[in-house]
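Novice: Work out the full structure, taking the sequences as your base and the hints as a guide.
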Amino acid sequence: MKPKTIEKIYEARARLVAQLESPPSVLELAQQVGLCDRTLRRGFRELFGTSVIGYLTQQRLYQAKDLLSQGNYTVAEVANNVGYSHLGHFSAAFRKQFGVSPKQWMLSN
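The number in this note's numbering is simply the position in the sequence shown, starting from 1, with 36 added.
Treat the hints with care, since some could be wrong.
Using C-beta positions, here's what the derived DEER-type ranges look like [stated by the list, open to error]:
1. Thr75 <-> Glu113: 34 to 44 Å
2. Glu43 <-> Thr110: 37 to 47 Å
3. Ser61 <-> Phe84: 13 to 23 Å
4. Leu143 <-> Arg81: 29 to 39 Å
5. Asp73 <-> Leu143: 40 to 50 Å
6. Val53 <-> Arg74: 34 to 44 Å
7. Ser87 <-> Asn117: 21 to 31 Å
8. Ala112 <-> Arg74: 31 to 41 Å
9. Gln67 <-> Asn108: 30 to 40 Å
10. Asp102 <-> His122: 12 to 22 Å
11. Glu43 <-> His125: 26 to 36 Å
Keep in mind that the hints were calculated from the coordinates and are not lab data. This structure is a prediction, so every number in the text was calculated from the model and none was measured. Each residue gets a CB set at the ideal place from its N, CA and C atoms; glycine is no exception.
Specialist: Structure (structure tokens):
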């Protein structure tokens, strides 16, 4: 992969992290950094070991974990803050990633 392409993929990652609550689509993200979506998808997997959507989900869940640890928000508020509009989807993804429900995590930390 060319250094310029790598730079653009890192830029795409930064944009994605900055917009966790309401991220652009993969196509929009690729256009924003000047790549085709196929190159962005392939490069993301090569550089970060996961898909663009997988990375987005992972970042959302780690941010949610931090927010739940603070104890200042309800589970529903945290889900909404990290971009989940459906609490059930958030809870299922959180449990899959960390092995406990968001509520259990919040109560144990």
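Novice: Give a verdict on every hint.
Specialist: Each hint, compared with the structure:
1. Checked against the hint of 34 to 44 Å, the C-beta distance between Thr75 and Glu113 comes to roughly 37 Å, which is consistent with it.
2. For the hinted restraint 37 to 47 Å between Glu43 and Thr110, the CB-CB distance of approximately 40 Å keeps it satisfied.
3. Between Ser61 and Phe84 the C-beta distance comes to about 18 Å, which sits within the given range of 13 to 23 Å.
4. The supplied range of 29 to 39 Å is met by Leu143 and Arg81, whose beta-carbon atoms lie about 36 Å from each other.
5. For Asp73 paired with Leu143, a C-beta distance near 41 Å keeps the hint of 40 to 50 Å intact.
6. A beta carbon spacing of about 22 Å between Val53 and Arg74 contradicts the range 34 to 44 Å that was offered as a hint.
7. One distance hint, 21 to 31 Å for the beta-carbon pair Ser87 and Asn117, holds here, with the actual separation near 23 Å.
8. Evaluation of the 31 to 41 Å hint for Ala112 and Arg74 yields a pass: the beta carbon distance comes to about 37 Å.
9. Roughly 37 Å separates the CB atoms of Gln67 and Asn108, a value that falls within the hinted 30 to 40 Å.
10. Range check, Asp102 to His122: about 21 Å between beta-carbon atoms, so the 12 to 22 Å window is met.
11. At about 33 Å, the CB distance of Glu43 to His125 agrees with the hint of 26 to 36 Å.
Violation of the numbered hints given earlier is confined to hint 6; every other hint is satisfied by the structure.
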